[in-house]
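Enquirer: Residues per chain, in single letters:
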Amino acid sequence: MATHFKIEGLKAEIEGKEILKGINLEMKGGEIHAIMGPNGTGKSTLASALMGHPKYEVTDGSVTLNGEDVLDMAVDERARAGLFLAMQYPSEITGVTNSDFLRSAINARREEGQEISLIRFIRQLEAKMKELDMNPEFAHRYLNEGFSGGEKKRNEILQMMMIEPSIVVLDEIDSGLDIDALKIVASGVNAMRSDDRGFLIITHYQRLLNYVKPDFVHVMMQGRIVKSGGPELAERLEAEGYDWVKEELGIEDETVGQEA
Amino acid sequence: MTTQTILPVNAEGLRQLSEQRQEPTWLTENRLKALELAATLELPKLEKMRIERWDIQNYGSSKESGSIASLAEAPASIQELVKDQESGSLIIQRNSGVVYTKLSSELAAQGVIFTDLQTAIKEHGDLVKAHLHTAVTADEHSVSALHAALWNGGVFLYVPKNVEVSSPLQAVLLTDNEEATFAPHVLIIADTNSSVTYVDNYVSEGSKAVTHNGAVEIFAKSGAKVRYATIHQMGTNVTDLSYRRAIVDNDASMEWIVGEMNNGDTMSDTHSVLKGNGSTSDSKIIAVGSGSQKLNYTTRANHFGKSSESQMITRAVMREEAQAIINGITKIEHGATKSDGQQTEKVLMLSPKARGDANPILLIDEDDVKAGHAASVGQVNQEQIYYLMSRGISREVAESLIIYGFLAPVVSQIPLESLQKQLQAVIEGKLGQ
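Note that the protein sequences, when read in sequence, are chains A and B. Using our numbering, the first residue of the first sequence is number 1171, and each one after it goes up by one. Using our numbering, the first residue of the second sequence is number 65, and each one after it goes up by one.
In case anyone wonders, no lab produced these hints; they're calculated from the structure. Mixed in with the good hints, there may be bad ones.
[Said to hold, decoys possible] Derived coverage of chain A by chain B (criterion: at least 3 residues anywhere in the stretch with Cβ under 8 angstroms from a Cβ of chain B; other residues may be distant):
no., region
1, 1188 to 1201
2, 1239 to 1251
3, 1256 to 1268
[Said to hold, decoys possible] Partner residues aside, some chain A positions facing chain B, computed with beta carbon under 10 angstroms:
no., residue
4, Met1221
5, Lys1225
6, Phe1271
7, Ile1289
8, Tyr1312
9, Gly1316
10, Gln1329
11, Pro1335
Positions of the beta carbon are idealized from the N, C-alpha and C atoms, including for glycine.
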């Protein structure tokens, strides 16, 4: 079935403070959408609310993946339904090796008795790590423990490549990456482009979009998508910043839920 | 307040028992003196826990079990632990006496002595007499006194000078008759520059209350290396009181690996006395508490020797309503210059009713030393659970990954693969998976 992801009127709050004030977005397999915007406008909240982070409470709206109600699912069910979030701040987990973790994640999608064979798993893992120019030793390191910022981001992309989700949300995957790492991450994303996979790239810089060409660009302010367009919108934002958007829309403070 | 210790046996009964076993007079006298002490001494003082309220009077009486000729006859409850040990060095104590003893011919040829303690007293009386109850002494409190009066069966291991034993020796200590006194005593002497690994398991069958009052005494002579690993996996009916102590001479090293996997109330005290210059001690304690267990674990390193080093690590997982007090006591005596004592205690609590208390204590009487401690007590991190679940892993699997991960840095350092696996299996059992 062709991948179809739909967000309608999504509102969410954290500790009683409303951050998302009605998000509408529709994505199909094969499409790359970018959500851009200054800090504090609700971009990362959108990512977390889609994945089901326990701190965020969805108060209104709907999210469906191929017609199924995503908001009704627990976090792990969302993941198994095909949703993947590359996190801005991945957790460090002592004692759980990267490879044990990944194998558990893959096997969680398989029936009992149908688990991936160790040999096959290792072969896949080694191949993907090579693509991402990761030291093979990282497979045996504890999950994200002692990883640099860039290594963590690469590790997120590695997980995406191993799990092969149908909707990928990349939350600030480009922050803290030097240009070489950025290119590697971008090529990882490009290698995963396919007709049945959609990407939602959240970023406040345009630079990642030089390497991963988006089909649609959305600007987020005050917890809403305030402007949408094609790749040319990202280029204009890069050249001119966000002030012209604010001016055009009569927005003075673009942030949401921030203490004055 | 004085708590009167109710003696499980009177002097006359104890004398008769000792004579029946044909013990030498010095031992009979030792036992009788210890019994007198037991009547006058107080119970040990535990940090933040009242042992007075524990069920620790269930000593029963001495009951011998028939010895077994081959491992095929071993009780079903310990079959798993002793399989593949037909030719290995193994002692099995069942209730009040040892029922199986085997020393591999290779080790016998090297002069290693491995037998039950009763036999050792007959055959190597002077060696035993010079060490027995000199590390854990009878006059410490009523529990150590009662142990000295009542101990039975037991393990004696002697490794001669310069002998390096490569394969581990094993003992299994089983209580499966609740009427029987279960008070094994383990005595290990590693002579100058020898090295040895000894592993034991404490196992139980049955449902009526039993008190295990055990002591382990280890003497690592100059330059010797002793590794002692123990897994206690007794049932809810057994209250476990265990004192383990090593006297570590010049340049000798002691390594403790302790799996506290009992299901009943447990008090354990694992103590290295770093007597010699350049002596070292390393203790790893892994514990899982469940049900309504009351647990009191203490690790101690007592530095007397110059340039002595100690490392103590405890990791404990508490589920359901288990309560644990975990103490680490590093004591550096005056004159133990250049010593280094480090300790870490970490407790992970899995339920709101579980309780864990980590008490790192440093007592330093010398300026020229290094010492450090770290302790933490916490719940499972929900951010970590979310992260694992976001990759499709169910909450149950995510939790168990985190729990194993918490224990893994210690479990993975256990140098014997078979022991690692065994411990892993017992941990899984304790965590109800």
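Enquirer: Does each hint fit the structure? Answer for all of them.
Expert: Now for the hints, and whether the structure bears them out:
1. Counting residues of the region 1188 to 1201 of chain A whose CB lies closer than 8 angstroms to any CB of chain B gives 0, so the stated coverage by that chain is violated, three being the minimum.
2. Three residues within the 8 angstroms Cβ limit are the bar, and the region 1239 to 1251 of chain A against chain B gives 6, so the coverage statement holds.
3. Counting residues of the region 1256 to 1268 of chain A whose C-beta lies closer than 8 angstroms to any C-beta of chain B gives 7; at least three are required, and the coverage claim holds.
4. Evaluation of the Met1221 (chain A) hint against chain B yields a held restraint, the C-beta minimum of about 5 angstroms falling below 10 angstroms.
5. Evaluation of the Lys1225 (chain A) hint against chain B yields a held restraint, the C-beta minimum of about 9 angstroms falling below 10 angstroms.
6. Nearest Cβ of chain B to the Cβ of Phe1271 (chain A): about 7 angstroms, under the 10 angstroms cut. The hint holds.
7. Because the closest C-beta pair between Ile1289 (chain A) and chain B is about 21 angstroms apart, greater than 10 angstroms, the hint is violated.
8. The beta carbon of Tyr1312 (chain A) comes within 7 angstroms of a beta carbon in chain B, closer than 10 angstroms, and the hint placing it at the interface holds.
9. At about 13 angstroms, the closest approach between the beta carbon of Gly1316 (chain A) and any beta carbon in chain B exceeds 10 angstroms, and the interface hint on this residue is violated.
10. Nearest Cβ of chain B to the Cβ of Gln1329 (chain A): about 6 angstroms, under the 10 angstroms cut. The hint holds.
11. A hinted interface residue such as Pro1335 (chain A) counts as satisfied when its beta carbon comes closer than 10 angstroms to some beta carbon of chain B; here the least separation is about 9 angstroms, so the hint holds.
Going through the hint list in order, the structure does not satisfy hints 1, 7 and 9.
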